[in-house]
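Below, each chain spelled out in residue letters.
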Amino acid sequence: MTFELVNHKVLRAAVAPGAEIVARRGAMLAYHGDVRFTPATIGGGFGAGRPGMGGLTGMAGRAMAGESSPLMAATGSGEVFYGHLGAQVTIVEMDGSGELSVEADRLLAFPATMQTAVVFLGTQGGVRGAIRGAVTGQGLFTTAVSGVGQVAVLSHGGTLALTVGGGRVLTVDPQAYVGHVGALTVTATVNAGWREAVGRGSGEAVQLKISGDGTVYVQASEQKL
Amino acid sequence: MASFRPNGKRILEVHLEGETVRARSGAMIAYSGAVTFRKSGVGAGEGLRGALKRKLTGESLDLMDMAGQGLVYLASDARDVELIDLAAETLQVESSALLALGPDLSTAVTFTGLRGASSGQGLFTTTITGHGQVAVLSDGPAIALEVSAAYPLVVDPDAYICSRGQLQQSFVTDVSWKTFVGDGNGEAYSLRFTGSGVVYIQPAER
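The listed protein sequences derive, respectively, from chains A and B. Residue numbering for the first sequence is 1 to 225, as defined by the numbering used here. Residue numbering for the second sequence is 1 to 206, as defined by the numbering used here.
Please keep in mind that the hints were generated in silico from the structure rather than gathered at the bench. It is possible that some hints are incorrect.
Stated by the list, open to error - In the DSS-like style, the derived pairs of lysine-lysine whose C-alpha atoms are separated by at most 30 Å in a straight line are:
#, chain 1, residue 1, chain 2, residue 2
1, A, 224, A, 9
2, B, 39, A, 224
3, A, 209, A, 224
4, B, 9, A, 209
Unchecked claim - One-sided excerpt, in silico: chain A residues whose CB lies under 10 Å from chain B:
#, residue
5, 158
6, 168
7, 169
8, 173
9, 177
10, 210
11, 215
12, 219
13, 220
Each residue gets a CB set at the ideal place from its N, CA and C atoms; glycine is no exception.
So here's chain A without its partners, still in its complex pose (with noise of 0.2 Å):
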């Protein structure tokens, strides 16, 4: 196991050469044993000539899509606390047949082995999914974390795995929205009429409606990280 519980926030990760760990810049909370962080940036991995870096579209993707949480990498051999801000930390265990979606600001940590992109959310759902990102606050660009492994995701107050299949369809409120991991289509529908105009709204007027099969997280409140 590379990741560890020590509680709901604090996350224990053993790091060894060919072992190394990407995360948060800024998270590090102890370690012991020879450490040692270095920059390392979504889409781009760390050190030269790394198998999986994003070269200089991964650069240009990030610079234009301020999808850009500045990360770090732990290398050297031991063993380091990660936790940031009090946020609930959920681990979500990769076995390389999908991806995880997730905002770039909620990834706490995951192995250098793994392959991080940012994706453009006119891809995933064309001319909507720019609107969803738009509309939501959440920007058009998202990040795609793929390959084997154990990712590190940050919520206010915890996340609940809800899975979505068998045609039925789940609709999530876009700031309790953390990721999701599987082949879904996540398309925003905006609930505004003259209640809202009025000010006269449920407070629920942007959803996100998911549909294919798949695992959605939300959190447990609306708070953004």
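Since the structure of chain A is provided, determine the placement of chain B on it from the hints.
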């Protein structure tokens, strides 16, 4: 029959079978099935007089009606959810702590005495009466404290969430010249409950 079920400490599952359940506006985090959300109408079942009362008293209660068939997940600010079953009883609750209430319950505004004026919670509180389940929010796990004739209870107004049963509230002050020169003990105002019932408090002060 609509039922409430906790999913973990902080998420409430509301199973809807055709009825209308009222919940805190914007507290839906996810749902499946055919459910519609709309703001509870004027007075939210309290009538025009109730609406006027809320306007005047400032004890605002922002609720939405959830109707249809399906499963709705509710949560708010990662606060813990506490389920309370009411059987023809009255529950007094701070409107900021109310998450959802069953279809057969009604709400009203009542005067609580002078406690609110200095604790910043207002002079009025929301009362819920009838049969059914009420979900309240607590910043941290809620603590239920029993009050009986022999054991009156004093709580901090900032930690108070709700109370049920035959209870009388009074306001206790421990204000002396020290409070005004900035040498107070930080517990100048308290709420005193007498009678018999249960008082719920949260392990955090607003």
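Taking the hints in turn, this is what the structure says about them:
no. : hint            : in the structure
1   : 224(A) x 9(A)   : 16 Å, holds
2   : 39(B) x 224(A)  : 24 Å, holds
3   : 209(A) x 224(A) : 19 Å, holds
4   : 9(B) x 209(A)   : 25 Å, holds
5   : 158             : 6 Å, holds
6   : 168             : 6 Å, holds
7   : 169             : 7 Å, holds
8   : 173             : 5 Å, holds
9   : 177             : 8 Å, holds
10  : 210             : 9 Å, holds
11  : 215             : 12 Å, violated
12  : 219             : 7 Å, holds
13  : 220             : 4 Å, holds
Checked against the numbered hints listed earlier, the structure breaks hint 11 alone; every other hint is satisfied.
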